[in-house]
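Trainee: Sequence lines, in order, name chains A and B.
Under the numbering used here, the first residue of the first sequence carries the number 1236, and numbering increases by one thereafter.
Under the numbering used here, the first residue of the second sequence carries the number 14, and numbering increases by one thereafter.
No wet-lab data here; the hints were simulated from the structure.
C-beta atoms are modelled at their ideal positions from N, C-alpha and C, and glycine is treated no differently.
It is possible that part of the hints are untrue.
No more than 16 Å apart at the CA atoms, straight line, and that leaves these computed lysine to aspartate or glutamate pairs for EDC-like [unchecked claim]:
{"hint": "1", "chain 1": "A", "residue 1": "Lys-1476", "chain 2": "A", "residue 2": "Asp-1466"}
{"hint": "2", "chain 1": "A", "residue 1": "Lys-1917", "chain 2": "B", "residue 2": "Asp-109"}
{"hint": "3", "chain 1": "B", "residue 1": "Lys-191", "chain 2": "B", "residue 2": "Glu-215"}
{"hint": "4", "chain 1": "A", "residue 1": "Lys-1767", "chain 2": "A", "residue 2": "Asp-1750"}
{"hint": "5", "chain 1": "A", "residue 1": "Lys-1673", "chain 2": "A", "residue 2": "Glu-1971"}
{"hint": "6", "chain 1": "A", "residue 1": "Lys-1917", "chain 2": "B", "residue 2": "Glu-110"}
Per the computed footprint, the stretches of chain B lying under chain A, defined by three or more beta-carbons under 8 Å from a beta-carbon of chain A, are [said to hold, decoys possible]:
{"hint": "7", "stretch": "97-109"}
{"hint": "8", "stretch": "157-164"}
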Amino acid sequence: MLLNYFKIAYRNLFREKTYSFINIFGLALGIACTILIYKWVQDELSYDRFHENADDLYVATFSNGSTTTPTALCEFLKKEYLEIKYASRCSWDKDYMIHYGDIKANQNGGYLVDKDFFSMFTFEFVKGNSKSALNDPYSIVLSKTLAKKYFGDENPLGKIITWNVDYDLKVTGVIKDYPLNSHFDFKYFVPLELAKKWNRNLDTWQANTIQTFVQLHDNVTSKSINAKISDVVEKQISRDKRVLSLQPITELHLYDFPNGGGLITYVYIFSAMAAFILLIACINFMNLTTARSASRALEVGIRKAAGAKKSDLVKQFFSESIVLTLLSMFLGLILVVIFLPIFNSLTNKQFTIDFLINTKMVLGIIVITVITGIISGSYPALYLSHFQPVKVLKGSIRAGVKNSSLRKILVVTQFSISIFLIIGSLLILNQINFMKNKDLGIEKDNIIHMRVGSRFYKNYDLIKKQLLDNPNISHITLTNCAPYYWDSNAGLGSVFWEGQTNQQTRMVDTAVEYDFLETFNLKLSEGRFFSKEHSSDIEDAYVVNQAAIKAMEMEFPIGKELIISGRKGKIIGVLEDYNYQSLHKPVLPMVMSIKPYWLTTACLKINSHNVSETIEFIGEKYKEIYPEYEFNISSLDESIEKQYMAEEGIGKIFKYFTFLAIFISCLGLFGLSSFTAERRRKEIGIRKVLGASGSGILMLLTTDFIKWVFVANLIAWPVAWYFINNWLQAFAYRIEINIVPFVISGVLTLIISVLTVSFQTIKAALANPVESLRNE
Amino acid sequence: MIQLKNITKYYKNKFIKTFVLRNINLEVKEGEFISVMGPSGSGKSTLLNIIGMLDAPSEGEYNFYDESVHKMKEKQLTELHKSHIGFVFQQYHLIDELTVFENLETPLLYQKVKTKERKARVAEILDQFNIVTKKNLFPSQLSGGQQQLVAVARAIITQPKLILADEPTGNLHSEQGKEIMELLKKLNKDGTTIIQVTHSEENAKYGNRIIRLMDGWIEE
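Hey, can you work out the whole structure from these sequences and the hints?
Mentor: The following block contains the structure:
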C-alpha cells in the first residue's frame, strides 16, 4: 500500500513538472535558509558556553555598563563573600611586543591575569600545567599558533622570550587556540603579579582600570549575591554611586548591559526571518496543491468508490508531501553547501561544511523537514480527502473555486511578509547611510591616526616640526580619545563645579594638545581653546562641550571653577557638541584638558594626494622614534565606519533574505497565476468571442492579483512601521521614518507581481478562443 | 452580405495537409436563414468560425458587406465581429462566475455602451425573453433550456446583423429546442440574418436554405 502511495507521488511529480519544480525549489530555498540561519543562531548562542563552568562565571559590572573596576575589588570580593569560589582580575586586550630570536612583533590578544584564572575558564593545555603555569611572575602562556610562530617545531616550554621590551619571561604553557565563539580574544597570558614592577596601583580602590571575573559556587544564584555587593564600591569611595552587580559571561556577547537589547535582538529577528521564509515556501505548496485539486478530485472519488477510507487518503497525500519535502531537503542541503562561502562572508563567520554532520544539526534538519512536511501537507491532505465520491464522479465539484478565498489569504500573507522585509531592508539601509554621512561636527576626511607613547609626546615639539615640514601634512595633534575611540570602559570622571547645587554628573575626561581644535576643525561657541600663550593652560584650564554645560545647568560658564577626578581648574571655552563615539549613543558631557602624560594617539591631517608617500614618510619618522615597534596606521573615516559593521552586516543579510522571500513568493504566484489562467480558459474564450480585446483580458486577470498585493501592503505597512521604529530606538541618532520606503516597497511588489502574473496571462489572453471553446 | 470565394482550410502536420474545408463558394444575402448540415467532421463548425471571424481561412477570399475580411488585421476583425455578429453555442458558454444580468451585460461592456443605456437594454431583453425573475441567478442554477435562452439573448443584445448558431439545440430536449428555434425564426423575421449548424432535419426546416457539407465540400 505504502509503495502504491509513493508510486503515485512519484508519477504526479513527473507529470506536473512546473508545479513540482516550483514546490521543490521553493521549499529547498526555504530549508537552506533555515539551516543557515539555524547554524548562525546556534553559533551566537554558543558564545562562551564551552567553558565547563560557564553558568557560574560572572564579570563585575557597574550600573552604567562599565566592567572597568577598581583593582582592589577582586581580592575584596573573594575574601568577604563565601559564595565566591574563585576570582581573578583580567587586564584589557592589548598589543605587546614579543621578541624571540629573529622574530619581533606586536602581538594582540595579550592579557594579564591572576592565578585563579585558569581554574575558572576552560583552556586546554597542550603543554605545561594549568595549575602552576602562572605561579612565577616571570612566566607567559602562549596559544598554539603563537608558539608555532616563535618556536616552530622546537619545544617552547622553558624558553625565554622578551615581552613588552623590558621583561624576560619563561614560557610555562601552551594552550590550544581559543575558540572563535567567545566574547574574548585570548592569545597569551602573563601573570598580573608582574605588573607590580611598573604599576603601583594594583591594590587600590582609587584606580578603575581592570576587569574582575568571579566564579560562584554551584548552588549560588547571582541574584542573592548581587543584593549583597551592590554598594561595595560606594562604601570605599563615597562619590562613586554606581551599583555593582555580576553579569553572566555568557550574556556578554548577546546582551547590552544594563538595558538589554544588543545582538540578541538580531538572533530573534533572524529566527523569525527563517520561519517566515519557510512559511512562504510552505504556502506555495499548499496553494498549488489545493489549486490543482480538480485534477486529483476524480482520483479521490474513484479510490473512495473502490473502498478507501478517508484516513487512507490522508495518508496518501501526506506521503506525497513527505516525498516532496525529502527531495527539497536534499536539494536544500546542496544549496547550503553552495551558498556557505557567501553566507560566511556576509556574517563574518568561518563555518565549514562539516557543521552539517553534528548531531544537533542533523536533529535540527530532521525537525525542520518534518515540520515543513506537516505544515505544507496537512491542509491539502485534509482538503482533498473530504471529497464525496458521488459528487466528484458526477463532476459537480468544481474544485479550485470553492477554497479560493483561503488561497487569497495565503497569498496575501506571503506578500505581506515580502513587503515587510523590503521596508525593513530599505529603512536599515537608510539608517546605515544616515550614520555614515551624518555631519559629526568634526573633520574626518584625510585624517589618519596611530598609537604612540611617552617617547613621542616627550619630544613632541621637535617631531611635530619635522612632520609638518612635509607639505603633505597640514596638522598634527595628540589625544587620548580619538573621535571614534572612546568607549564606556574608559570610565567617566566625577565632576564638581562652582555653583553646583544638587545636580550630579559624570563626564568623559579627555586629554588633548593645543592643536586639537584646528586639526579636527571644531567650533567654539564661547571662550577660547588652549593656547601656548597662556602658560597656565597646562595646569588649570578646561574646555567643555555644550552637553557638559547643559548637564551642569551653567548660564555663564567662562571662568567658572571645575574639579574633575580631583584636579582643579577653570573653564576657558565651550565647544559645540561633536560625536566622539558611535551614533548609537548620545553626546555625553566631556571635559578637555592638556595632560601630556595621558596622550596615546596621534592624529594627522594629510593632503588627499600622494597619500601612500605621506604615510611612508610618517612611517620612517615613527621607526626613528620606535625602532622596535611595528608601524600601524588607520584612517579616521574607516575607523568611524567600522563602528557600524554590525548594522552593515545585518543590512546585507536582510537584503539577501528579502530577495529570497520575494523570489519564493513569486514562484508561488507564478504557479497560481498559471493555474488561474488555465481554470479561466473557457471564460477567456467566451469573452473574446463577445469582443474582449487582449489587453482587456490581461486587465481582467491581473486586477485580481493586484487587489491582493494592495491588501498585503495595508497589512504590512503598520507592522513594519512598528518593528522598525522599535529597532531604531537603539540609536541615539536615527532617521525619521517617512512614507517613501513604504511607497517604494508597495510599487515594487506591485510591479514584480504584475510581471510574474502577466507571464502566464498574456499567453492566455492571446490564445485563440476557438481552441478553448471546442466541443470536446 | 457574405461572399465566400474558394475558401479552403487545412491543418499542416509535418508533411500532410489535413483538409477541413475545400473550395467553398457561398453567398449569403441579408435576411436569409441558412441551415448548414452534414455528418460530424464535415467542417460545419469550422465554416461557421470562419464566417464569424474567429478563425482564418488558409486560402480564399471572404467579403463581408463588400469589405475584404481576409486582408484585415486582428484589431479590425474584433471591431467588425463585435458590432455585427452574435454567437450561440451548443454548450451555451455562459460565464459561470457571472449572473444572468451580468452575462447579458458583458458584450455591451465591450462595446463601451454607457451604463444607463446598458441597464435599459438588459432590462428590455430580460423582459422580451421573459426571464426577468432569473436575472440574479447564476448559470448553474438554470436548466439547459433556460441557459440557452440567456445565451441567445446575449447574442442579440448588441443587435447584430448576423447570428451564428452552432447546434443551438444540441444539448436540449425537444420541447426546449423547439422554443429556441421559434425564437430564432422570429428574430429572422425581424430582419436578422441567421446561419445555424444543425444535425436535425426538423430544425433545418426552420431555415429557408440548406447547405450540406461532406468532407469539406459543399454538396449541391
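Trainee: For the pair we were handed, B/Lys-191 and B/Glu-215, check the Cα-Cα distance against 16 Å.
Mentor: 10 Å, holds
Trainee: Straight-line Cα separation of A/Lys-1767 and A/Asp-1750 no greater than 16 Å?
Mentor: 10 Å, holds
Trainee: Given the hint that A/Lys-1476 pairs with A/Asp-1466, test it: the Cα-Cα distance must not exceed 16 Å.
Mentor: Between A/Lys-1476 and A/Asp-1466 the Cα gap is close to 8 Å, so the pair holds against 16 Å.
Trainee: Check the hint pairing A/Lys-1917 with B/Glu-110 against an upper bound of 16 Å on the C-alpha distance.
Mentor: Distance of about 11 Å is within 16 Å: holds.
Trainee: If you count the residues of the stretch 157-164 of chain B with a beta-carbon closer than 8 Å to a beta-carbon of chain A, do you get 3 or more?
Mentor: Since 0 is below three, the answer is violated.
Trainee: Cut-off 8 Å, C-beta pairs, minimum 3 residues; does the coverage of the stretch 97-109 of chain B by chain A stand?
Mentor: holds (count 8)
Trainee: When you check the alpha-carbon spacing of A/Lys-1917 and B/Asp-109, does it fall within 16 Å?
Mentor: This hinted pair holds, its Cα atoms lying about 10 Å apart.
Trainee: For the pair supplied as a hint, A/Lys-1673 and A/Glu-1971, is the alpha-carbon distance within the 16 Å limit?
Mentor: 13 Å, holds
Hint compliance for this structure: hint 8 is the single one not met.
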